[in-house]
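K.L.:
Work out the full structure, taking the sequences as your base and the hints as a guide.
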Amino acid sequence: MTKIYFLFLFIPVCVGAQSDEIIGDALEKNNASPQFSSFSYPVVGNGEIHSYVSYSYPLTKNFSWKFQASNNTYRLSDLFRFNNSIVYKASDKLYFFSGLVSEFEFDKIENRMLPQRLFSSSGAGYNFTENWNIEAKYEQQLNNTTRTFLSTPTVFSLHSKFKF
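Mapping to the numbering used here: the sequence shown position 140 is 140, numbers consecutive.
If you're looking for bench data, these hints aren't it; they were derived computationally from the structure.
Please note: incorrect hints may appear among the correct ones.
Straight-line Cα separation of at most 27 Å, BS3-like style, residue types lysine-lysine; simulated pairs [unchecked claim]:
no., residue 1, residue 2
1, Lys66, Lys161
2, Lys161, Lys89
3, Lys66, Lys163
4, Lys61, Lys163
5, Lys89, Lys137
6, Lys163, Lys93
7, Lys137, Lys61
8, Lys137, Lys163
9, Lys61, Lys89
10, Lys137, Lys66
11, Lys89, Lys66
12, Lys61, Lys93
13, Lys61, Lys161
14, Lys161, Lys93
15, Lys93, Lys66
16, Lys163, Lys89
17, Lys137, Lys93
Computed Cβ-Cβ distance ranges for the label pairs, DEER-style [stated by the list, open to error]:
no., residue 1, residue 2, range
18, Asn131, Ile109, 33 to 43 Å
19, Ile109, Val53, 25 to 35 Å
20, Thr145, Leu94, 31 to 41 Å
21, Asn71, Pro34, 18 to 28 Å
22, Tyr88, Leu142, 17 to 27 Å
Where is the CB? At the ideal position from N, CA and C, for every residue including glycine.
P.N.:
Shown next as structure tokens:
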């Protein structure tokens, strides 16, 4: 079953690699370009470090492939998270997304990697302005793993981002 999930993580990459002409034409017509963003910051005093990277590649006028990765260092564990998703732009402001998330955790106490967790992820977002958006996301764990420090089998989250 894990092999099937692994396959779905790379389907957007394979689709993009096989249809360069279609994607190139779509990019020229829509003046779309790949987008990259990242940040990293330490938390002074407790040794935590948080890093994030995001890459979005337009496939057609309304569809794009988005890859997000994060690394969070905590006192008890290190958490690595990879998210592959397809994003559908319903309008200039409203978008929907769906994909798979892989999560790896290193237990610092027992000095070992914990079992990988796989999630399905879906949600919607709304861009109020170019610098402010809100996003609702639902994640459901697909595989059964032992309970770890940071795991939750089902999560609904509401995010807002303001860029300045």
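K.L.:
A separate judgement is required for each hint: does it hold in the structure or not?
P.N.:
For each hint, the structure was consulted:
no.: 1; hint: Lys66 <-> Lys161; verdict: holds (17 Å)
no.: 2; hint: Lys161 <-> Lys89; verdict: holds (18 Å)
no.: 3; hint: Lys66 <-> Lys163; verdict: holds (19 Å)
no.: 4; hint: Lys61 <-> Lys163; verdict: holds (25 Å)
no.: 5; hint: Lys89 <-> Lys137; verdict: holds (16 Å)
no.: 6; hint: Lys163 <-> Lys93; verdict: holds (16 Å)
no.: 7; hint: Lys137 <-> Lys61; verdict: holds (23 Å)
no.: 8; hint: Lys137 <-> Lys163; verdict: holds (20 Å)
no.: 9; hint: Lys61 <-> Lys89; verdict: holds (8 Å)
no.: 10; hint: Lys137 <-> Lys66; verdict: holds (15 Å)
no.: 11; hint: Lys89 <-> Lys66; verdict: holds (12 Å)
no.: 12; hint: Lys61 <-> Lys93; verdict: holds (14 Å)
no.: 13; hint: Lys61 <-> Lys161; verdict: holds (24 Å)
no.: 14; hint: Lys161 <-> Lys93; verdict: holds (14 Å)
no.: 15; hint: Lys93 <-> Lys66; verdict: holds (17 Å)
no.: 16; hint: Lys163 <-> Lys89; verdict: holds (20 Å)
no.: 17; hint: Lys137 <-> Lys93; verdict: holds (17 Å)
no.: 18; hint: Asn131 <-> Ile109: 33 to 43 Å; verdict: holds (41 Å)
no.: 19; hint: Ile109 <-> Val53: 25 to 35 Å; verdict: holds (28 Å)
no.: 20; hint: Thr145 <-> Leu94: 31 to 41 Å; verdict: holds (34 Å)
no.: 21; hint: Asn71 <-> Pro34: 18 to 28 Å; verdict: holds (22 Å)
no.: 22; hint: Tyr88 <-> Leu142: 17 to 27 Å; verdict: holds (22 Å)
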